[in-house]
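Undergrad: This is what each chain is made of:
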Amino acid sequence: MEAETVYIVLAALFGLFMAWGIGANDVANAMATSVGSKALTIKQAILVAAVFEFLGAVLAGGAVTDTVRKGIVDTDLLAGSPELLVYGMLAALLAAGTWLFIASKNGWPVSTTHSIVGAIVGFAAAGIGVDAVQWGKVGTIVMSWVASPLTAGFIAYLIYQSVQRLILRQEDPLAKAKRYVPVYIFFAAFTITLVTILKGLKHVGLTISLRDSYILAIAIAVGISLIGAFVIRRIEPDKKAEKHQHFYTVERVFGVLMVVTACGMAFAHGSNDVANAIGPLAAVVSVAQNGMITAKSTLPIWVLMLGGGGIVIGLATFGRHVIATVGKKITQLTPSRGFAAELAAATTIVIASGTGMPISTTHTLVGAVLGVGMARGIEAIDLRVVARILISWVVTIPAGACLAIVFFFIFKTILP
Amino acid sequence: MANVLANIFGSSPVQPLEQHIGVAFRCAKQLRAFFVAAIAGEWDTAAAVRDEIDKLEHEADDLKKEIRLHLPKSLFMPVPREDLLELLLVQDKIANLSKDVSGIVIGRKMQIPAAIADQFLDFVERNVDAAKQARKSVRELDELFTAGFRGAEVTLVSALIEELDRIETDTDSKQAELRWALYEIENSLNPVDAMFMYQVIDLTGQIADMAERVGRRLELLLSH
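Chain order of the listed sequences is A and B. In this text, residue positions in the first sequence follow my numbering: the first is 1, and each later residue adds one. In this text, residue positions in the second sequence follow my numbering: the first is 1, and each later residue adds one.
I should point out that these hints are in silico values taken from the structure, not numbers from a laboratory. Since the structure is predicted, the reported quantities are computational estimates derived from the model, not experimental observations. Glycine included, C-beta positions come from ideal geometry on N, C-alpha and C. One or more of the hints may lead you astray.
Estimated spans, in silico, between C-beta atoms of each pair [said to hold, decoys possible]: (1) Phe101/A / Glu163/B: 55 to 63 Å; (2) Arg150/B / Pro398/A: 39 to 47 Å; (3) Leu85/B / Phe409/A: 38 to 46 Å.
List time: in silico BS3-like cross-link candidates among lysine-lysine, alpha-carbon distance up to 25 Å [what the hints assert, rightly or not]: (4) Lys132/B / Lys243/A; (5) Lys38/A / Lys202/A; (6) Lys132/B / Lys240/A; (7) Lys328/A / Lys73/B; (8) Lys239/A / Lys136/B; (9) Lys29/B / Lys243/A; (10) Lys132/B / Lys328/A; (11) Lys239/A / Lys132/B.
Pulled a few chain B residues facing chain A out of the computed Cβ check, cut under 7 Å [stated by the list, open to error]: (12) Ile8; (13) Gly10; (14) Ser188.
Looking at chain A on its own, in the form it has when it is part of the complex (with noise of 0.2 Å):
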């Protein structure tokens, strides 16, 4: 077999293997809020989340991949020796995998962006040279991933005020939920929508007009709103069951728009996601088939198919019984907190997956959920494991970088 073919097959592996495991674990951020409010069933969870993974992965994906692939390492330094770039990708991607199964073993909240992020930093600056590294870059993107979960938070806590505003402190809060709801599903499809026609869909060969991209979010967001309105419509008070929860029947119209934001929020994480898994694909792919690096290729579709494809297998098999475990811990997000959360975590991240940043879903969610706190709305959050997270920041980094290197020299050494 020749050595480009090796090449390929082993990318392609470790990257489908890498899709699986966010399939497996991550996606059930994005639906557990929805199944443990019984917004949906856990057979409809998994069958919004395929569609609205794969969905954001190959419509908005792109970006973020090619920051993957190209934006971290100064390919111009590879002329001579395009080999090294893919043995770097390759080691990359191993050393994420097993520094996330090293992190999962142990419970620590470790974020596959920062894993694969710094892995390719680790390959680039130790293997090739610190000069390698195109550190403006990568500036940037380190401080995305301070920005993002604030800003998640402080849209969350912005969106979850107007709600208890608008809503929950009234009178008469079922009236005013079925009066408001609709126009925050409106705001939620439009949002998403939008960021995704003005700056995803030129990854598929797409090109529509600014005008033309106002015009089709409002009129996609208008119709996913008349059906959100038209089935709330029929929701009918539960007297019996409001006896002991007045917000009973209010929580479920948040229901209706929770099924809205769940979509969105498997759109936004199967954008940013999947360059975790295929950036270094696409790498070893456009070295391999070229035979050298060419800053301009472009990204060949089949890979994002083979990462959004990875990623629906990954929820398939294992990613079920995640959900399940994850809805039963939340019951403190209801709709009309869970909402709130994800909506602002959803829209943060398609607007990093429309700028290329290489974001962590999980963390930003986390963020929100913060940010819904921040607003008075939940009962009791567990600052631990903020801390937790603040320090696996720190950790896989370096982690993820000097796993990378020995991966690199051991690729380096045994093949072709």
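Let chain A serve as the given structure and place chain B on it in line with the hints.
TA: Only chain B this time, still in chain A's reference frame:
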């Protein structure tokens, strides 16, 4: 695999607190059946009810410990942890008092003087009412958390607490009348029995006092 999203939520004290006041109220409610049996001299029945009170008081105690155990300082909550722990403490006193008062009566096989028996039962009833109203108020806790302690829900809970205050005032005047009635017949009683009767009245009356303090604690939460 530990999931970050799942772990970020500490165990909420809200449902357990609602559950705890439920047990405390059921404990106080037994006093009605207990005193009816005691006045009728049916000590077997009274002992059975007393066992039930004992059991419920233990249940409340276990819940109390459980809540405290799951309320570490690292929790971030919309209201101060100390206020919730105080609320728990006064809720628990309702169960404790029910146990204490029934303990004294059963231990001495106390005869409630026939002259004040009806009046006494009426007084017990009113104290149980106060505990019930406290339960009704505490059961609004989850709605209060959802609404962020503002708006229509606060008005609703304030009204519940006002009613609780009215019931407590009512028990106070009933207690004064009862003591007066006892004073009028105390010379016909064994002095030690009379003293213990005063104590039983006093302890029973404290149930409504504690219920009222549950209301005060809730009010403190509302003002955050």
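Undergrad: Now tell me, hint by hint, if it's right for this structure.
TA: We went through each hint and held it up to the structure:
1. Phe101/A / Glu163/B: 55 to 63 Å: The hinted range 55 to 63 Å holds for phenylalanine 101/A and glutamate 163/B, with Cβ atoms some 59 Å apart.
2. Arg150/B / Pro398/A: 39 to 47 Å: holds, 46 Å
3. Leu85/B / Phe409/A: 38 to 46 Å: violated, 57 Å
4. Lys132/B / Lys243/A: holds, 16 Å
5. Lys38/A / Lys202/A: violated, 37 Å
6. Lys132/B / Lys240/A: holds, 20 Å
7. Lys328/A / Lys73/B: holds, 24 Å
8. Lys239/A / Lys136/B: Holds - the C-alpha atoms of lysine 136/B and lysine 239/A are around 17 Å apart, at most 25 Å.
9. Lys29/B / Lys243/A: holds, 22 Å
10. Lys132/B / Lys328/A: At roughly 32 Å apart (the allowed maximum being 25 Å), lysine 328/A and lysine 132/B break the hint.
11. Lys239/A / Lys132/B: holds, 22 Å
12. Ile8: holds, 5 Å
13. Gly10: holds, 4 Å
14. Ser188: violated, 50 Å
Taken one by one, the earlier hints fail for this structure at numbers 3, 5, 10 and 14, listed in ascending order.
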